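Using the sequences and the hints given, assemble the complete structure.
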Amino acid sequence: MCKNTSKLYLALLKLKLMKLRNYLGLAIVLLLCVGCPSDDDGIESVPPRDRGEQAIEDDAEIREYLETHFYNYEEFENPTADFDYKIRFDTIASINSDKTPIIDRPELTSITYNRVDTDQTVYILTARQGASEKPAATYSDSTLVTYTGRNLNSTTFDSSPNPVWFDLTGTIDGFQNGIAGFKGAGAGPVANGDGTTSYEDFGVGAVFIPSGLGYFNLPPGNVEIYSPLVFTFSVFDVIITDHDGDGIISINEDLDGNGFLFDEADNPDDDLAFAFQDPDDDNDGVRTRLEIVLDEDGNFISFLDTDDDGISNHLDNDDDGDGRNTLDEIQINSSTGVVTYTDTDGDGIPDYLDADS
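Residue 288 in numbering that gives the first Met the number 0 sits at position 289 of the sequence shown, and the numbers go up by one each step.
Hints were generated in silico from the structure; no laboratory data involved. As the structure is a prediction and not an experimental result, all values here were calculated from the model. Accuracy of the hints is not assured; some may be wrong.
[Claimed, not checked] Below, simulated EDC-like cross-link-like pairs (lysine to aspartate or glutamate); rule was C-alpha separation at most 20 angstroms, straight line:
| hint | residue 1 | residue 2 |
| --- | --- | --- |
| 1 | K133 | E199 |
| 2 | K85 | D200 |
| 3 | K133 | D241 |
| 4 | K98 | E73 |
| 5 | K133 | D200 |
| 6 | K85 | D157 |
| 7 | K98 | E63 |
| 8 | K98 | E74 |
| 9 | K85 | E199 |
| 10 | K98 | E76 |
| 11 | K98 | E66 |
| 12 | K85 | E106 |
| 13 | K85 | E74 |
| 14 | K133 | D166 |
| 15 | K85 | E73 |
This is the structure we're talking about:
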């Protein structure tokens with residue numbers, strides 16, 4: 000069975016870095032404030048380490064691990080009938096001295112992200128990507144996975160041996176970006192008759208995470224502070240996700256394209272919801288679904304830009320460029336919330352889209 004702690008450790012820790020006006024972030028911060036002793040108790044709070052210096056230390060520690068360890072790549076290259084497709088790490092020494100270190104394996108890639116004004120590098124090991132016909136996960140999607148989280152000293156702090164669904168936006172930054180690109184299984188689940196299930200051609204990988212994209216100075220109880228982490232995982236299914244149901248999949252609402260959905264740039268109307276959570280992205284009173292082009296099945300086709308100002312309607316608070324905000328060219332019933340799209344000149348074009356209304 001899955002450990003009860005599995006979702007706790009990967010859950011919304013990064014929201015502690017979000018703006019206080021985000022409700023969940025505020026709740027977490029308040030809980031932390033209530034739980035922390037005051038200076039009056041004689042306990043001095045320790046400020047977090049410099050993120051830049053810590054990133055350098057973490058990267059050196061991760062690279063040392065990658066240079067001195069190997070994984071069971073030979074089993075993946077020539078799998079036996081009973082191979083379980085699990086990644087296993089070991090030290091290059093003695094009888095393993097001829098093994099290729101992880102850092103020299105072609106399956107290893109790295110991506111550098113800028114987080115909190117600090118460059119942070121994650122290292123991703125793709126032992127098997129998954130079924131080619133399946134969609135690749137992004138950091139904004141929902142995935143069905145098993146995983147094990149370890150410190151670099153191989154101590155396990157969390158695991159889920161049975162498949163569990165994760166909304167990746169609710170996991171630590173390094174984990175969500177580590178799973179991005181992997182695909183689900185080509186077949187399964189198939190009941191094995193012993194209470195377990197099996198899949199075929201599922202994604203298998205590992206991600207090495209610096210503390211700045213993990214828990215940094217706020218780890219769960221059995222993870223050391225400022226500890227780099229490694230997660231091994233299998234991906235069985237991927238659901239491309241539109242969190243707010245506005246017709247734009249969440250990956251396309253990372254407005255600055257930096258690999259994270261909780262930045263200031265990702266909240267264009269400066270309200271309580273980031274764009275991927277917000278059904279009215281520009282807070283102009285017209286829902287985003289009505290400001291883009293969808294097919295009859297509700298699938299996204301294209302953006303609209305009525306006034307050709309280079310700003311799509313769903314992000315433009317003056318859609319027709321007439322100098323009047325869209326919010327002032329519609330009527331919203333304060334009791335019911337029903338929106339009426341007025342057409343002052345009766346030309347069939349609502350005022351908020353009509354520059355000469």
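To see whether the hints hold, each was checked on the structure:
1. A C-alpha spacing of about 12 angstroms is found between K133 and E199, which places the hinted pair at or below 20 angstroms, so the restraint holds.
2. In summary, the hint linking K85 to D200 is supported, as the alpha carbons are separated by about 13 angstroms, within the 20 angstroms threshold.
3. This hinted pair checks out: K133 and D241 have alpha carbons roughly 18 angstroms apart, not beyond 20 angstroms.
4. Taken as a hint, the K98 and E73 pair is honoured in the structure, with Cα atoms around 10 angstroms apart against an allowance of 20 angstroms.
5. Restraint check: the Cα-Cα separation between K133 and D200 comes to about 10 angstroms, which is no more than 20 angstroms; the hinted pair holds.
6. For the proposed pair K85 and D157, the alpha carbon gap of about 16 angstroms is at most 20 angstroms, so the pair holds.
7. Note on K98 and E63: the hinted pairing holds, with a Cα-Cα distance of about 16 angstroms set against a maximum of 20 angstroms.
8. With a C-alpha separation of about 13 angstroms, the suggested pairing of K98 with E74 holds against the 20 angstroms cut-off.
9. This hinted pair checks out: K85 and E199 have alpha carbons roughly 13 angstroms apart, not beyond 20 angstroms.
10. This hinted pair checks out: K98 and E76 have alpha carbons roughly 14 angstroms apart, not beyond 20 angstroms.
11. Among the hinted pairs, K98 with E66 is consistent with the structure: their alpha-carbon atoms are about 11 angstroms apart, no more than 20 angstroms.
12. The suggested pairing of K85 with E106 holds, with an alpha-carbon distance near 15 angstroms, which does not exceed 20 angstroms.
13. About 9 angstroms separates the Cα atoms of K85 and E74, which keeps this hinted pair within 20 angstroms; it holds.
14. Proximity of K133 to D166 is assessed by CA-CA distance (about 18 angstroms); at most 20 angstroms being required, the pair is judged to hold.
15. Straight-line distance between C-alpha atoms of K85 and E73 comes to about 12 angstroms, which keeps the hinted pair within the 20 angstroms bound.
In the structure shown, no violation is registered for any of the earlier numbered hints.
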